[in-house]
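Engineer: Chains L and Y: place on chain B using the hints.
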Amino acid sequence: MSSPLGDAFFGLLARDAIGLWRRRGEVLNPVLFALMVATLFPLALGPEAARLARVASGVSWVIVLLASLLSLDVLFRSDVEDGSLDAMRVSQQPLAVLVAGKILLHWLATAVPLIVLSPIIALALGMPRIGVSTLVLALLLATPQISVFGACAAALTASLHRSGILLSLIVLPLAVPALIFGAGAVETVLVGGNPAQPLFLLAAGGILAVAFGPLVCASALRMSAS
Amino acid sequence: MTPPRYAVASSVGLRQKTSQSRRWCFFVGTSDKTNESQSLLTLRVHGRRAFRLARMSGLKYRRLKPSAEPGTTSVLSMRQSPRTAPPPLIEVRQLCFSRSDEPIFGPMAFALEAGEVLLVEGANGSGKTTLLRVLAGLLELGEDAGEILREGVAAAESQQALAFLGHASGLKLDLSPRENLRFTTRLGGLRAGASIHAALLSVGLDGFEDTPMRYLSAGQRKRAALAGILSAPVALWLLDEPYANLDQEGHVLVDRLLETHAARGGAAIITSHGMTSPAIRGIRRLRMECHHE
Amino acid sequence: MNPLMLWFHKSGSPPEFYRLAGRFQPWLWALALIFGVIGLYLGLLRAPADYLQGESARIMYIHVPSAWMSMFIFAFMAFCGVLALVWHVKISEVLLISAAPIGVGFTAVTLITGSLWGRPTWGTYWEWDARMTSELVLLFLYFGVLGLFHAFDDRRKGARAASLLALIGLVNLPIIHYSVTWWNSLHQGSSINLMTGTSAIDASMLWPLLIMTLASKLWFGASLMQRARVEVIDLESGKDWVQALLPPTAEKPKPQP
Chain B
11 MSSPLGDAFF GLLARDAIGL WRRRGEVLNP VLFALMVATL FPLALGPEAA RLARVASGVS
71 WVIVLLASLL SLDVLFRSDV EDGSLDAMRV SQQPLAVLVA GKILLHWLAT AVPLIVLSPI
131 IALALGMPRI GVSTLVLALL LATPQISVFG ACAAALTASL HRSGILLSLI VLPLAVPALI
191 FGAGAVETVL VGGNPAQPLF LLAAGGILAV AFGPLVCASA LRMSAS
Chain L
104 MTPPRYAVAS SVGLRQKTSQ SRRWCFFVGT SDKTNESQSL LTLRVHGRRA FRLARMSGLK
164 YRRLKPSAEP GTTSVLSMRQ SPRTAPPPLI EVRQLCFSRS DEPIFGPMAF ALEAGEVLLV
224 EGANGSGKTT LLRVLAGLLE LGEDAGEILR EGVAAAESQQ ALAFLGHASG LKLDLSPREN
284 LRFTTRLGGL RAGASIHAAL LSVGLDGFED TPMRYLSAGQ RKRAALAGIL SAPVALWLLD
344 EPYANLDQEG HVLVDRLLET HAARGGAAII TSHGMTSPAI RGIRRLRMEC HHE
Chain Y
5 MNPLMLWFHK SGSPPEFYRL AGRFQPWLWA LALIFGVIGL YLGLLRAPAD YLQGESARIM
65 YIHVPSAWMS MFIFAFMAFC GVLALVWHVK ISEVLLISAA PIGVGFTAVT LITGSLWGRP
125 TWGTYWEWDA RMTSELVLLF LYFGVLGLFH AFDDRRKGAR AASLLALIGL VNLPIIHYSV
185 TWWNSLHQGS SINLMTGTSA IDASMLWPLL IMTLASKLWF GASLMQRARV EVIDLESGKD
245 WVQALLPPTA EKPKPQP
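Chains as they are written, first to last, in this note's numbering: chain B, 11 to 236; chain L, 104 to 396; chain Y, 5 to 261.
One thing to keep in mind: the hints can contain errors.
Each pair of labels, with its calculated beta carbon distance range [said to hold, decoys possible]:
no. : chain 1 : residue 1 : chain 2 : residue 2 : range
1   : B       : 236       : Y       : 58        : 57 to 63 Å
2   : L       : 297       : B       : 118       : 29 to 35 Å
3   : L       : 216       : Y       : 154       : 18 to 24 Å
4   : Y       : 154       : B       : 57        : 43 to 49 Å
5   : Y       : 58        : B       : 138       : 44 to 50 Å
6   : B       : 218       : Y       : 243       : 28 to 34 Å
In short, the hints are calculated from the structure, not lab data. For clarity, every value in this text was computed on a predicted model and none was experimentally measured. Where a beta carbon is used, it is the ideal one built from N, C-alpha and C, also for glycine.
Isolated chain B (complex conformation):
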């Protein structure tokens, strides 16, 4: 008699959350990375406010995208290495649901701090204020699918010893639509348009990714860990 699925799901969340809390320094790394890169842009482009303001929204998007790739590498690798993936697989619980829990936690720990940080970066670079709410909303809609694609890539490479560049090579082309529609939505608002279309498209992509991504992820894990 195995335990109910909800119990297993929240048990996994609780376990990983405790683990993250014990290593909370690492969790902050993507945020620090984002801040550093944001500082580099004015240094490279020059302090001229008008020039920075033009690229502000796009730069914020690229920074968030790159920063959210940083912690992907360990998403499943630790579970493969310490055998807890095996425990999940023999437990008779649907692996896709457990994987969805892991992706959710990854999103909460990596994407949410970046979303909170993004208006600060964008405003510091001189993006007009009217774009802020759209930027945050678009990020909220786009980051789940970025996390899902990242998780799929992490699952495919989980049994490899190292996968840093390969992971980015796999994820970045897949993240192109999210980047285009997300940055496009902000751009539309900045030139005075209505961002509904790109936002709806982002939402649609996000729903599809969240619905099917965990299944793909689970089969990739089964494959790479066998």
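Structural biologist: Relative to the frame of chain B, chains L and Y by itself:
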């Protein structure tokens, strides 16, 4: 011979539609010789708890005769009706495995009944770990690679959970044994009557329950993993090198855990590279040979 | 097992595939060469020059077929991926991995000819045009599949991971293409759309194009067979049937006493 003094007896069908071949009788009472020899799952429990156990496992029971005097030990046994033999907990037929067309082991065949412990012996690289991972369903079998049956049902369709302990413990180093076990039991459930605390105590980790695993020795980590296996509500244990990293006392502990598990109707398959000899009554042995020279 | 699956299993057994591929390969090469020469002759010498773009439009006879092939091959890889993942057809893993470098080749040719075409037409080698950009992303997808395959020590595991990635990529390809087109229309409205007149193309230009398309398909087939044969030999190098292919002189050196 004294007449059997059953407190409870009833026959119930379990899961399978073909109830004819899978009828179980369920007895609570003091044991008698004739039934002992036929009983498959024998759980030694006290009278009151026997009823609770029967209720919890969803079996119907009927009181036939007043129970024995209060305080005496009753035997709760699930016995298959004498018509047909029960399917073994796990059975493999013509099982072989190859990785990238390189044969690893097989073909082999064996069956494990409730109450048995099977020791898989062999040199390094003879495929012991692979066999266990195949049995656990972690490695996919190719076509014509034989079949694995769990209680008469193909392993892929079987709803029966099992406990698996590989080389890696499956526990997180950042968490304490107690936190790890909390996850394990939320994932796979907790054996009736077991508790995390009691499991940790019985493997000798009292005093280390809340120390992060990172600070425990390899042997202590192994003990924590064994506690997880111990508290799982499953009949079949698959333990890969359970004696590795353990001291003399630990070896005795593993033997005792296996014996207890077998006595309550479980079964276990364990591997060993031959340096340790488990002191378990009635242990069966399976020798694996290296395929490649 | 239905007849189709039976056929797959029969011709999908490595020795049988090796034999079949060896038989088809010269014919495919020959046909590809013949059609390629005819197509190039018609396209480069006989077809009229484009009245807007002049002689440079003739690059279309290379560019357009390779662009089609670059997408066709990715779809082919995803199809092989399904066979590999669902039915564990070993040969389809081999075909997938052999097709990927050819796909990279066609995609690279598309990008290079595209930028050469762009120089006289747009006045720049690289324009962030929707088609060019999504072709570039396609190239990255190919690199991802190849990179993933080569990262694994175990070829079969690598091939299966690559299969899954090819499938994910195929699902995303239309989305990427659409998003890039949208992005392009957001940022610039005035790039020349070269493809608006395709259906109204004159027969004298259409025929060479079709023949070149056929030639590129045949070229792909021939190249695929050749690569897959090598890949099969490599994968099965320990097997008896491969050892039997070796000339008798090339026996294993006997250990010296």
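Engineer: Mind listing which of the numbered hints don't hold for this structure, in increasing order?
Structural biologist: 3, 6
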